[in-house]
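Asks: Okay, here's what each chain looks like letter by letter:
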Amino acid sequence: MGLEDKLPEGVLTTSLESLVNWGRANSTWPLLFGLACCAMEMIAAGTARHDISRFGSELFRASPRQADLMIVSGRVANKMAPVIKRIYDQMLEPKWVIAMGICASAGGPFNNYAIIQGVDKIIPVDVYVPGCPPRPEALLFALDKLRAKQGKETFAQYKRAELAQAFLRPEDIESLETLQKQAA
Amino acid sequence: MLNVSPRYREYETLPGINDPSIPALAPLPEGESEDTKLIVERFGEDILAAGLHNGQQVIYVKPEKLVELATFVRDEPALAYEALIDVTAIDRLKLPIPVEEARFQAVYQLRSYARKQHLMILSGTQNEDGNADKPTISSLAEVFEGAIWPEREAYDLLGVNFAGHPDLRRILMPNHWPYHPLRKNIPLGGEEVPFTLTWGDPEFETFGKQILPAESVNPVVPPGMDTQNLILNMGPHHPSTHGVLRLVVELDGETVINVDPDLGYLHSGFEKTGESKRYKDFVYYTDRMDYLSPMSNNFGYCLAVEKLLGVEIPERAQVIRVIMAELQRISSHLFWLGTHVMDVSGTGMAVMMYVTRERERILDLFEMVCGARLTVSYIRIGGVWKDLPPAFISTLRDLIAVLPRYFDDYEDMVTSGPVWQERLEGIGVLTRSEAIGMGLTGPMLRGSGVDWDLRRDMPYGGYENYDFKVPVETAGDCYARYLVRIEEMRQSVRIIEQALKNLPDGLFRVDDRKISLPPRAELDVSMEALIHHFKLMTEGFRVAPGMVYYGIESSKGELGYFIESDGSAVPYRLHVRGPSFNNLYAISKMSRGHTLSDVVTNIGSTDIVLGEVDR
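Residue numbers (my numbering), protein chains in the order written: chain H, 1 to 184; chain U, 1001 to 1615.
There could be a bad hint or two in this list.
Unchecked claim - Beta-carbon label-pair distances, calculated as ranges:
(1) U:Val1402 - H:Gln157: 46 to 54 Å
(2) H:Gly56 - U:Met1527: 24 to 32 Å
(3) H:Leu12 - U:Glu1254: 48 to 56 Å
(4) H:Pro124 - U:Asp1387: 43 to 51 Å
(5) U:Pro1222 - H:Ala62: 23 to 31 Å
(6) H:Arg86 - U:Glu1076: 50 to 58 Å
(7) U:Thr1538 - H:Pro124: 38 to 46 Å
(8) H:Arg54 - U:Arg1169: 44 to 52 Å
(9) U:Asp1167 - H:Lys159: 33 to 41 Å
(10) U:Glu1076 - H:Asp51: 58 to 66 Å
Unchecked claim - Incomplete in silico selection of chain H near chain U, CB under 10 Å:
(11) Ala36
(12) Cys38
(13) Ala39
(14) Ala62
(15) Ile115
(16) Pro136
Unchecked claim - Every beta carbon over 10 Å from chain U, so not counted as near; a handful from chain H, in silico:
(17) Glu4
(18) Trp22
(19) Ile87
(20) Tyr128
(21) Phe155
(22) Lys159
Hint data in this document are derived by calculation from the structure and do not stem from the laboratory. C-beta atoms are modelled at their ideal positions from N, C-alpha and C, and glycine is treated no differently.
Please construct the entire structure, taking both the sequences and the accompanying hints into account.
Replies: Below you can see the structure in the form of structure tokens.
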């Protein structure tokens, strides 16, 4: 019954949202952007044995304008933080971020003056990958998780995100004061 | 701004239990060698102390005579210390120094390639305007060009002012950083980790503070660059800079006039962290410095600490270490080859895919022995973590049987390829004297005709028992360095073959319960073993006061560790001499006069790893 009966064979119907999400989830192009040790495993994920192209993510784009996904692969130094922020801002919506490894997720073993304790202090993160460094398989699993997330997105969400202007101002950075304010 | 000062953490045991002799100064050198005798004869009263310390030649000199001494040891034919390997400084704030002595001490490592000698020079600093916070010492940049970057680093991290330095700017930290982080009165920094968010707990006062405002600032044009020319910014996010390196390139048309590397985008505070961790705990950090050759990093650090401890490593452990270090050299060079070809020759990903095939097999072997692919921490102080698993030897034999054939394949693909030759030959030429003067090491040095390899010329870790050739090329260009590295991989295979043939039975780590853990099975039956285990895990081991510089031939060049011990279980000063850091200095000289595309070739040929450059 319904529309399907009247269509010729080989034509499927679906919602526009799922079609768009299907396309996005299966060709998420990462940014060619390596920071530290994790970048080596990211490269390993791209080579023959692990073969990230099975999941449509083999095209590492050097320009943030062409990339959908930023894999923060390594520790984020204080000097690098503004650069990462800027590259993230240059990426076009919709965009996603994977914090690869414990350093990008929470600072890892480097709790000192030089390293920012987690890239989520400066940009929003979609998937965190534990490990030091995570194996290439772990990165592929993170991509899988991201794909699940991408599959659930709606146009309304993008609209809201646009309105909210996902840019982070210095005063928005998670600090004790802001957390206290939120709790109050 | 940036008030990142959490509570001071005590990693030592409770105060009061500590030995009253801690902290202690390193003892003065004793005895004499021919070189120190010659220097003392020439300088007399100006040498405060000279002799041997931990088997190394050490000279303490008055700061006024430092430049004169450096010039003398370089030019005197009987000494011929032609290269300055490393410069660093020590902040002795927490050491019991006599009041009249200076708080900061500068440390220089000199090398004579012709005579195979190493010399350490220490000199106190003078106070500028009588202010103890402004130490100053004469720069050696006039004598050794290789001093320029290490002195900038010492200025940046410790605030030692090098008078007469041509370009004394910060090199690793951002320009507006409020302090010199490696000084002893500056805390480690970092944030308290809030497991439960209890407001008002002063423990969390630093939470979220450790961040600079994420605004991009207008880049400052480096001194010596003319804005009439085109100033091009390359990096820190650039596909061919092999990491987060930023190069400011001054161009006239497409010809490079000057290059100024801007480092520090991956500065992780390794040295400061090392000075707050026990000796055995820093092994895990060394993995993350040169992340393409973690085994070599472990190796160098453990050798330095073992030298301070004066322990003998069992034969089997030594051979296992050599196998691992050489496998690591091959894997690192393979990765270098893949990325270099990808940057330069236009064969695209092909070679990269091939080399990672072999690299993955080497990483499999690492995984077999220690469970990790990159951050191995397999070589530990006193030996290695565990014995080789039974399947290791046969798997390794299978691998090294096929490796030379694969190297032939790569050579077929690129060595005589016209594009490859065109892009490498005559590019980035460094003459022999330039390479020595800049303090370059490793393939950069051997590609310029200096026949020097620490494994052969100052053997460590049992390398004297192996028969291998040291490839040397005289052309000094990128192609020469390429040939050197390819041949080094073949020689590494030879070393591994010999090591496999002579792998002895026996202990895989030293049988000294004061520095290496007792076997797990022993804990069940022996109270004494349990106590040793507990003491090692909670306190670590103490190291007698002293200082040591230990350099090994890593895949990139000489990886050196300078450690000063004050008698406690934590290094007082830990400095790493990263080969990539000193080698990268040459990029400016190599690129001048060539086109912009050759800068990319030169970066690849230098074989840098930013984790090690920035530390």
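Asks: Confirm or reject the claim that proline 124 of chain H and aspartate 1387 of chain U have a C-beta distance inside 43 to 51 Å.
Replies: For proline 124 of chain H and aspartate 1387 of chain U the Cβ distance comes to about 47 Å; the hint holds.
Asks: Minimum Cβ separation between tyrosine 128 of chain H and chain U greater than 10 Å?
Replies: holds, 16 Å
Asks: For glutamate 4 of chain H, is the shortest CB-to-CB distance to chain U above 10 Å, so the non-interface label stands?
Replies: Holds, since 44 Å exceeds 10 Å.
Asks: Taking the beta carbons of arginine 86 of chain H and glutamate 1076 of chain U, is their distance inside 50 to 58 Å?
Replies: Check passed, 53 Å falls within 50 to 58 Å.
Asks: At a threshold of 10 Å, is the proposed contact between alanine 36 of chain H and chain U supported by beta-carbon distances?
Replies: Constraint on alanine 36 of chain H satisfied, holds at 5 Å.
Asks: Given the range 44 to 52 Å, decide if the beta-carbon distance of arginine 54 of chain H to arginine 1169 of chain U lies inside it.
Replies: For arginine 54 of chain H and arginine 1169 of chain U the Cβ distance comes to about 47 Å; the hint holds.
Asks: Under 10 Å, Cβ to Cβ, is where isoleucine 115 of chain H needs to be relative to chain U, so tell me if that hint holds or is violated.
Replies: holds, 6 Å
Asks: Has the hinted range 38 to 46 Å been met by the Cβ atoms of threonine 1538 of chain U and proline 124 of chain H?
Replies: Since the Cβ atoms of threonine 1538 of chain U and proline 124 of chain H sit about 40 Å apart, the hinted range of 38 to 46 Å holds.
Asks: Checking the smallest CB distance to chain U, is lysine 159 of chain H really beyond 10 Å?
Replies: Holds, because the least Cβ-Cβ distance between lysine 159 of chain H and chain U comes to about 26 Å, which exceeds 10 Å.
Asks: Just tell me: holds or violated, for the beta carbon distance of valine 1402 of chain U and glutamine 157 of chain H against 46 to 54 Å?
Replies: holds, 52 Å
Asks: Quick one, is the alanine 62 of chain H hint okay against chain U at 10 Å, beta carbons?
Replies: For alanine 62 of chain H, the interface hint holds, since the closest Cβ of chain U sits about 4 Å away, which is under 10 Å.
Asks: Does the claim that isoleucine 87 of chain H lies outside the interface with chain U hold up, using a Cβ gap greater than 10 Å?
Replies: Isoleucine 87 of chain H not clear of chain U: closest Cβ-Cβ about 6 Å, inside 10 Å.
Hint violations for this structure: numbers 2, 9, 19, all remaining hints satisfied.
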